[in-house]
Amino acid sequence: MVQGPWAVTGPWAPNQTPEGLRRRYVRSILVLGVLLGGLLGLSVLIGEPSVLFGKAFAFLTAQAARHGVPAWALTAVSLVVPCSIVLGLIQVLPIFMVWWEMKIAAHIQVRLGPMQVGKWHGVLQTIADGIKLLLKEDIVPTGADRIIHFLAPIVVVAPAYICFAPIPFGMGGLAAVQMDVGLLFVLGISGLTVIGLLMAGWSSNNKYSVLGGLRAAAQMVSYEIPRLIALLPVVMWGGTLSLGGLMDAQQGLWRGVLPRWFIFYPVVGQISFLIFLISSIAETNRTPFDIAEAESELTSGFHTEYSGMKWAMFFLAEYAYMFLAAALGAVLFFGGGWAPWPALNFIPSFVWFFAKTFFIVFLFIWIRWSYPRLRVDRLMEFCWKFLLPWSLVNVALAGFLILMRQ
Amino acid sequence: MTTELKGPAGTVNEMADSLMAGPSFETKMERISEHEMLLNMGPQHPSTHGVLRVVLKLDGEVVTGAVPDLGYLHRGVEKLAENRTYPQFIILTDRDDYLCAMLNNWAYCLTVEKLMKVEIPQRAEYLRVIAGELNRIASHLLFIGTFGIDIGAFTPFLYAFGREREMILDLFEQLCGARITYNYVRIGGVSNDLPEGWVEKAKKFVAHMKTCLKEYDNLLSYNPIFMDRTKGIGVLSREKAIAYGVTGPNLRASGVNLDLRKSAPYGVYAKFDFETSVRQNGDCWDRYMVRRDEIEQCCRIVEQALDGLPAGEILGKVPKANLRPPAGEAYGQLEGARGWLGVYLVSDGGLSPYRLHIRAPSYINLATLQEILVGWKVADVIAILGSIDIVLGEVDR
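Protein sequences, first through last, are from chains L and C.
When you line the first sequence up against the numbering used here, it's residues 2 to 407, in that order.
When you line the second sequence up against the numbering used here, it's residues 627 to 1023, in that order.
Certain hints may be false.
[Unchecked claim] Here are the in silico distance ranges between beta carbons for each label pair:
(1) L:128 x C:841: 32 to 38 angstroms
(2) L:382 x C:866: 52 to 58 angstroms
(3) L:378 x C:866: 46 to 52 angstroms
(4) C:865 x L:397: 49 to 55 angstroms
(5) L:79 x C:841: 26 to 32 angstroms
(6) L:22 x C:829: 18 to 24 angstroms
(7) C:891 x L:22: 56 to 62 angstroms
Since the hints were made in silico from the structure, they are not lab data.
Just so it is clear, CB atoms sit at the ideal spot from N, CA and C, and this is done for glycine as well.
Based on the sequences and whatever the hints tell you, model everything.
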């Protein structure tokens, strides 16, 4: 008899029997528990980064005063260092996020995903992929507009990084730049990306790319509107446009039980979050709204003609935007760095921030690998005829709630 | 570093332009007006299911004209038959429609047997039904998976293609040693008898398959986005389907209840209790659902065949060497996974066929494309193309 890979596939396989499954679950929970527990312990040891940075800066100031270093040098350091840290973080995070997406997608699709590179569950897969992309040939198609083709990835990626300036990664002003109009800044700058996508589509000298670029432009410009309006109730409640301020507005408990996060505000909070989530998925060009890329229709749309690191720039921008949207969601709806209950305050705020952010990232991934793609015209209809009216109704409802409380 | 690709007729783009705007397409497409553009979809395209090329005339995203261009996978199978002995040609039928090779083997052997008037043992007939229906399930599973990808849902593909179809291929591997090109059905019977324990595994698979259909329904069939993308899209009316000679699931989706297994039972199909799956609207969703329902019916047939499997020989009395059917002609057909799969055979009494022609259902179903694509958007083109379920190996032969 031929011995196929029978033993590991069908419903009769040993790892599918009830005992086998139970053993696997217990083992996974143990491994995950030890890993997460270790990480948590480490973060508790580190404590609040803002306190650490404050101490370091105080130490630097003292040293500078003793040695007569000019004040502008200190200012420069206090500007450059946080920005560099955030910039580094944004470039390293996709490495983890891509691996995370690969693994989650794989488990949704009844497979294992990368298991070889890095020994343990393919942890180094993305690094290997990155090296591969770095070494790949950079091809510019004949007849392409070379200058615009070269500039497009930069125009896409630069705003994605700039957007992270005012994001508070924890409490105590743990942001690269403290900004009074942080929310406005993030939403405004992220709108610039569409120019890059249009440039990429137009300059590639490929009809699919043109279609992709045009789709991207129409989609991103449209979905920015309900996204912005969905965030208005949050601003109305918080009374500020500063992201740190909005985060702090969610401090405390309702009747000592429910955290005062904006998502728990009756009806309005949930509608806001849903509209924000849907339009954010559309903004990041992910399934079910990935009509601009649409692998099966437009052969990847605007980045069809990009290869190597230039292509990786688009990829990086997508993940940066996904993280940005998730971070915004965490800060605006889930209380950012605040622990749900004061009893959990011993865990530093940046852990809460990242946990909530990655929960929303997980929502993104979950939705992406579950739904088919919408059609172009239906996508626009959904935005203009459904999301926009409801987001406006939502603003009115929020106003009504505020009026009631006064 | 950048690369300039130069060919004998200028740059790649110039060559493509001359191809696209050449007289043949220009006349077929009438005129391209100022606000229209030609889009060359394929032969290198992720969703043309092989090497089909469709030249689309677009007004924005709306298709105003479509010309399918075939022949990129032509291997001259019908001509090759004239240089092969009758049993040798079976392996080439595997390569026609490589997604349901069992049925291709069967259609060819059926025709040769018709010509030779051989009697086939009952057990062989049952084995053919079991293998054929399992292969039909495998083919429809692949359709469900790839149709999901066409619509943008990647996950159902790995459920249908990576899990269930893989189990069928494992069963086939145990049955005949091959996973794609089986060469299982032979003139006069089948090549191998069932290995030990195979029947139990097949029964387990059929039970598993039935539970999986619910999973597909939750994930894909009744997904609102999926229904929005497929319902009412690419309608092929009953009249048009008949006029074009469309057969198989595509015809049944247009409301014509015609299945060779029911209307003109061949083999032992008359003994089985099953229903043909019919839908009325002829849109993409109906074409999908007909195949989904057919999997259920195939499971029923396989169950009955496994239960009623008689003992006995698996190969009839056919000469092992120098097979020479009497001079004459025969046409045999059966219900393939994509429609009526017919083989027309002319023998001059020699060692190899004098002429062989295959009625490939995909090829005939494909002809409807140029009509039903017009007026839809680029995204719908992919959906319609996917729902017709063509296999280019069969189209070009």
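A quick look at each hint next to the structure:
no.: 1; hint: L:128 x C:841: 32 to 38 angstroms; in the structure: holds, 35 angstroms
no.: 2; hint: L:382 x C:866: 52 to 58 angstroms; in the structure: violated, 29 angstroms
no.: 3; hint: L:378 x C:866: 46 to 52 angstroms; in the structure: violated, 25 angstroms
no.: 4; hint: C:865 x L:397: 49 to 55 angstroms; in the structure: holds, 52 angstroms
no.: 5; hint: L:79 x C:841: 26 to 32 angstroms; in the structure: violated, 56 angstroms
no.: 6; hint: L:22 x C:829: 18 to 24 angstroms; in the structure: holds, 22 angstroms
no.: 7; hint: C:891 x L:22: 56 to 62 angstroms; in the structure: violated, 44 angstroms
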